[in-house]
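According to this note's numbering, the stretch in the sequence shown is residues -6 to 148, in order.
Among the clues, some could well be false.
Derived CB-CB ranges, DEER-like [to be verified]:
1) 15 - 68: 34 to 44 Å
2) 39 - 86: 37 to 47 Å
3) 6 - 104: 19 to 29 Å
4) 90 - 70: 14 to 24 Å
5) 39 - 104: 23 to 33 Å
6) 86 - 121: 14 to 24 Å
7) 129 - 54: 18 to 28 Å
8) 96 - 56: 15 to 25 Å
9) 29 - 84: 13 to 23 Å
10) 40 - 90: 37 to 47 Å
11) 87 - 67: 36 to 46 Å
12) 90 - 15: 26 to 36 Å
13) 84 - 122: 36 to 46 Å
Treat the hints as calculated values from the structure; they're not laboratory data. In this text, a Cβ means the ideal position worked out from N, Cα and C, and glycines have one as well.
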Amino acid sequence: MSGRVVIVTGAASGIGRATVERMVAHGSYVVAVDRLADALAWTRDSEQAANIHIVVGDVTSDDTNAAAVAAAAERFGRLDAAVFNAGVSMGGGLLDLPMEDFDRALAVNVRAVALGIRAVAPALRASGGGRIVVTASTSGMSPGGRVASPFSPTP
-6 MSGRVVIVTG
4 AASGIGRATV
14 ERMVAHGSYV
24 VAVDRLADAL
34 AWTRDSEQAA
44 NIHIVVGDVT
54 SDDTNAAAVA
64 AAAERFGRLD
74 AAVFNAGVSM
84 GGGLLDLPME
94 DFDRALAVNV
104 RAVALGIRAV
114 APALRASGGG
124 RIVVTASTSG
134 MSPGGRVASP
144 FSPTP
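Please build the complete structure, drawing on both the sequences and the hints.
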């Protein structure tokens, strides 16, 4: 990944943060996207801070996705890959879940990926091709577990 320019969403913590850390450790340049500005503060303390550019925004917005692509081009000169990792989970079953929570989960976990792909595709084509990685949870594949999801099968 040395020298590659990558957008990573959900970069403030968990898999997103680990992805950013690993990529910059291997010589990549990363546009780290998250809606929580304070949670991205760790990037300023990173030994590779010069290789990380922060975009604060909501991935369910076209503007945030466009800003990430623009930042890659302006700061690092191109875009080689995108890791769509932002996601939210919901607790409880579908019958008890507020529909606002359900709508938010669909917006972040599904719609934002489509918006992200639409935003990065022209830049990836301009770079001669690239890679798109989408992370997902396995909670929808197994019943019960630590976090119940309305998308999980019933035991």
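Worksheet item: residue 86 and residue 121, beta-carbon distance inside 14 to 24 Å?
Response: Hint violated: Cβ distance 47 Å, outside 14 to 24 Å.
Worksheet item: Honestly, do residue 29 and residue 84 meet the 13 to 23 Å range at C-beta?
Response: 20 Å, holds
Fill in: Verdict for residue 87, residue 67 (Cβ pair) under range 36 to 46 Å
43 Å, holds
Worksheet item: How does the Cβ-Cβ distance of residue 84 and residue 122 compare with 36 to 46 Å: does it lie in that range?
Response: The hinted range 36 to 46 Å holds for residue 84 and residue 122, with Cβ atoms some 40 Å apart.
Fill in: Range hint compliance [Cβ, residue 40 to residue 90, 37 to 47 Å]
42 Å, holds
Fill in: Pairwise beta carbon distance, residue 39 to residue 104, judged against the given window 23 to 33 Å
30 Å, holds
Discussion item. Quick check: does the Cβ-Cβ distance between residue 96 and residue 56 fall within 15 to 25 Å?
Written reply: The hint (15 to 25 Å, Cβ to Cβ) holds, given that residue 96 and residue 56 are roughly 19 Å apart.
Worksheet item: Should the hint that residue 15 and residue 68 are 34 to 44 Å apart at their CB atoms be regarded as holding?
Response: 20 Å, violated
Worksheet item: Regarding residue 90 and residue 15, is the given constraint of 26 to 36 Å on their beta-carbon distance met?
Response: 34 Å, holds
Fill in: Range hint 18 to 28 Å (beta carbons of residue 129 and residue 54) holds or violated
Given range 18 to 28 Å: holds, Cβ gap about 21 Å.
Worksheet item: Honestly, do residue 90 and residue 70 meet the 14 to 24 Å range at C-beta?
Response: 44 Å, violated
Worksheet item: Does 19 to 29 Å hold as the CB distance between residue 6 and residue 104, or does it fail?
Response: 21 Å, holds
Going down the numbered hints, you'll see the structure goes against 1, 4 and 6, while the others check out.
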